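Visitor: Residue strings, one per chain:
Number of protein chains: 4
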Amino acid sequence: MVKVGVIGASGYSGLELMRLLARHPEVELTAVTSREHDGRPVGAVFPALAGIVNLAYTWPDPDKLAAAVDLVFVALPHQAAMAVVPTFIAAGRRVVDLSADFRFRDRAVYEAYYQAHSAPELLGEAVYGLPELHREAIRAARLVGNPGCYPTSVILGWAPLLRAGLLDLDSLIADCKSGVSGAGRGLSLSTLYCEVNDGFRAYKVAEHRHTPEMEQELGGLAGAPVTISFTPHLVPMSRGILATLYGRLSRPAAAADLQDLYADFYRGESFVRLCAPGALPSTIHVRGSNYCDLAVRLDRRTGRVIVLSAIDNLTRGAAGQAVANMNLMLGVPETLGLEVVPFLP
Amino acid sequence: MVKVGVIGASGYSGLELMRLLARHPEVELTAVTSREHDGRPVGAVFPALAGIVNLAYTWPDPDKLAAAVDLVFVALPHQAAMAVVPTFIAAGRRVVDLSADFRFRDRAVYEAYYQAHSAPELLGEAVYGLPELHREAIRAARLVGNPGCYPTSVILGWAPLLRAGLLDLDSLIADCKSGVSGAGRGLSLSTLYCEVNDGFRAYKVAEHRHTPEMEQELGGLAGAPVTISFTPHLVPMSRGILATLYGRLSRPAAAADLQDLYADFYRGESFVRLCAPGALPSTIHVRGSNYCDLAVRLDRRTGRVIVLSAIDNLTRGAAGQAVANMNLMLGVPETLGLEVVPFLP
Amino acid sequence: MVKVGVIGASGYSGLELMRLLARHPEVELTAVTSREHDGRPVGAVFPALAGIVNLAYTWPDPDKLAAAVDLVFVALPHQAAMAVVPTFIAAGRRVVDLSADFRFRDRAVYEAYYQAHSAPELLGEAVYGLPELHREAIRAARLVGNPGCYPTSVILGWAPLLRAGLLDLDSLIADCKSGVSGAGRGLSLSTLYCEVNDGFRAYKVAEHRHTPEMEQELGGLAGAPVTISFTPHLVPMSRGILATLYGRLSRPAAAADLQDLYADFYRGESFVRLCAPGALPSTIHVRGSNYCDLAVRLDRRTGRVIVLSAIDNLTRGAAGQAVANMNLMLGVPETLGLEVVPFLP
Amino acid sequence: MVKVGVIGASGYSGLELMRLLARHPEVELTAVTSREHDGRPVGAVFPALAGIVNLAYTWPDPDKLAAAVDLVFVALPHQAAMAVVPTFIAAGRRVVDLSADFRFRDRAVYEAYYQAHSAPELLGEAVYGLPELHREAIRAARLVGNPGCYPTSVILGWAPLLRAGLLDLDSLIADCKSGVSGAGRGLSLSTLYCEVNDGFRAYKVAEHRHTPEMEQELGGLAGAPVTISFTPHLVPMSRGILATLYGRLSRPAAAADLQDLYADFYRGESFVRLCAPGALPSTIHVRGSNYCDLAVRLDRRTGRVIVLSAIDNLTRGAAGQAVANMNLMLGVPETLGLEVVPFLP
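Protein chains in written order, with our numbering: chain U, 1 to 345; chain B, 1001 to 1345; chain P, 2001 to 2345; chain S, 3001 to 3345.
Heads up, a few of these hints could be off.
[What the hints assert, rightly or not] Covered by chain P, according to a simulated footprint, are these stretches of chain U (three or more residues, beta-carbon under 8 Å): (1) 28-39; (2) 195-205; (3) 225-238.
These aren't lab readings, by the way, just hints derived from the structure by calculation.
On a predicted model such as this, the values are computed, not experimentally measured, just so you know.
Even glycine gets a Cβ: it sits at the ideal position worked out from N, Cα and C.
Given these sequences and hints, build the entire structure.
Guide: Below, the structure written as structure tokens:
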């Protein structure tokens, strides 16, 4: 059994990592850290895990943790993540980092949207952990920058069209909707039940930090710089992201061609499901799983292609994808521990 | 007191009409009809209205109803509405029709999206009941076609920009999100609690019948034909619509200019509130009221204007707007009976 | 117009008071206070109220406030309330206090469950503000202790049976369920959306501080000490309380007798609605209103009477009842400003 | 691999059975039936299961099904179930029936609450499928009557106290709250999203058919007839039951004694978790799992014991318990295929 640890395991991503790792057949979860809950049993903090994760939280000491595990998941906020990752790498441990700190190839872009980077020497080797695009590099990586939730839904949604050169690159709009867990487990007026329930709103219009992350990967697919409009919205539900993606066709194509394009692009992928023509994805059909469900529609009246992409923001958008990346790094089947059936109703 | 009736008062729009009319100081609600509930007290069907609406449902007999009221609200499905409206008009009664049957100036457009029109002779005089655009015509109208919920949010959102000629007309995308009451009170698997709760999805992508209705009014504002992409989505909440509207500027403009444009366009309007710069609307802030809350944002990176428009689909998107139209037709203040404070939390 | 103020108007009860007072025909809301929001317009803090409550928050200075208003609503936490109430009383202002500080006739009971009382000299004259029980005293009161939300639902539910001496006093169990707004608008992990959504739980079993408040009034109705079991639960909804009340009949009675008893007891009451035999109340039927909907059922197999009592915790359970008390104190109709139609769906 | 089938697999219990059986390591799901969906792939009816359950629905033909499988789950409504079960038994197939038809030892009780029994000859051998009470009998059974959802939560909650003789048998009240999936997937006004959302109500007060089922098992535990009051309520959530159980101690006991009693009674049980003193269960902590979480509290003021019992109505209350019963019947570990981690948030 491979020994793994989670640093920063008191938030929703950490909880989801524990949910998945607790039942993984090839790894043993041996350490979870939390400053706030240091010393408390996991089952006392999350009664859902009582009798399942029989560990107590420890204080996040990177040196100790590096000595105890083979691979570590870093589920800390950005900035805090890059403060600890070099310790693990130096100790020869492999790392899947769920923050934004190692997702960018261009340090300047990171620093324009976040802050000064304290471990820029690792940016060159960090791999963007989207298996469908970078599977081979992930297998060999010491350090994986696990993608953001919105970028995962958007990049998977547009990848086939962009690689085929079928989209006008200045026509791209990503209108995305997320459940509330994406905002984390910290105390905030805006995520109180009564502030969210039975309401719907946009936030950070044209200024969300996931924009450059998307543009990096979309540009790589297109082979040219891409600038998009991205609007996030908050949905009164706990989990799930639906991305509605608009783009204008750069040359004529039939609806059936688009369907075939997607079927070909994702043939053999375990975690992408293409909806049958006429069907549309729903976040509820992927809830709790690592699936990304996709549909592609042609709007003949306007010449636009509209792609719908649904994921669970905590699973495919965070912990599930992190486990898939770990599987690739360990050389075990990518789906191991991720055979969770979507949870419905 | 003006006597009014509601034909088709067993659905959510009918319920909302009763909620508003029951407290209206200048009208008396004297008749409500329902085939299903014929003879039952309203308070037995909707216990919320017990002791408030002290009427029993009657069978929908247009002749009888025309004899009993001065003005009638028709809250029937399309096709059923146009079957009864001519009777009221012939009897000299004024009509606010909440269906799609009298919203279109061009019969061919209606028939392309719905079915053959059985009362085309009335299309010429029917007025599209959006007070901010057609207030004077509404005052004089015998027949008002009350706007659809999505069109209300979209047209109010884009009106200032289109009238100012500031948008590329082939760049318009309306990504809209609605609460479940928009789907009505009929039995349907897709609106069962467990099918909706904690999920989010799009539906009728690029094929919803509100599209030509929007295009008629948007074209009127622009002075030229307009073709848009419109995508509706279902939000797990009972009420509310948020429209996220994308368009490319046809000539450069500053964010402050756009804010001023909106402030000027809606100056003096009782039911449109412009968010302060930096603020964004939420459906929860207009819930139960006739307000449309708007924000306009400039995305400098892409040259797009993004407008956010929030309404309550049952109030501003149906019954509230119908009451405002009635007020105009009766020559009383437009806000009468609509001073409802948004309901929060 | 009578000038009124709300001290502590940044929470949900304060918001609900503003919602109701903004449309009250006989009062003018002239001052609202908040330490946190001092100087900010109400419409900036609660965009729902933009254009409706055109006031800015002020710092809570009891002397200034006493000089500016005729009557004040105190919507502060217990302990903070009794620190300011004497100032208003001394200045000759009338007070409706929404905290627990002036609900108890017996100082020792208050101090056993809360803390030392800092204004015990006012306990003797403070009136428990449940109009159905204490209407005449409220009319004359300088100081009204507005009932708690759970006690309102429970006391109204059992009052007819207790006054009739029909219940075994040692058999009483109140199993109550509340929406989340009852927990207030403060930051708390337990009221975050993702912690509440799609879950249900009890809390403070056999130890909630509303217990002695209920027992005081229930004992008054019974003419003898009453000890009950009270269990509160948290429902994933914003508003509403349903109380399920169990008691054993002290002497045989028929179901129809019980129905008549309730109809007689509440005859003429504007804000109590008795469900027809066979019907049951739902919180959604009273949402946003001052109604208490009641049903009484006889369980013949066990000899128990089961009463169902539904209120809106923010309206009847707090701000609506406070406005009704103000109306009584001012000598205007009890229903003024409270003709709000329950908000559904 | 043992071949299993599900007859009636289009409802929520059938869906949950498919979710669990699809990943069960010792069985192969080989047939699922539905009249409505005959011939359609499961993944077309439930897109959540696309790529996971690769079967098409077949018409429910008991003879054919009996020939194809070793064990069958009957997930039909009562009355329909007993029409097909004898065919499977006669063919030598073992059956787990999720309806009420084979839960009663006394035919007269069944017939008083349901209808005439068409297969009374099987009542004698059918075993009530609550493993904690009847594990050995289940192992040997040909036919298991899988418990109702409410009875599972109530019986597990009271079992230790009743077996210890610690409760006054005429003092028992079960106040239970269930998510909406308990009402099934059929079309019904009362389970539409807008009718349920943000509301709470009781239903079938003192007349629900789960009452005699509870009394049968509670009486068995007590060694004497038991009559209870049972009140079900509808919670706006998809899944989960919380039972709040009241009873008076028949002799004095300390809180610590009660805690020990429960710990002893359920020692070694895989699917019952006793909350630590001071903690209370929540439905969200058992969601999607086969756990029953319990807490026991002493109300010293009244001498009552209050037990809180939380289950997932579709897993422990239906499909999960059915799979546990199957495991026992097959002689494999009871937990096989049920190691699902509770799904949170």
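Visitor: Any hints this thing doesn't respect? Which numbers, in order?
Guide: Violated hint: only 1; rest satisfied.
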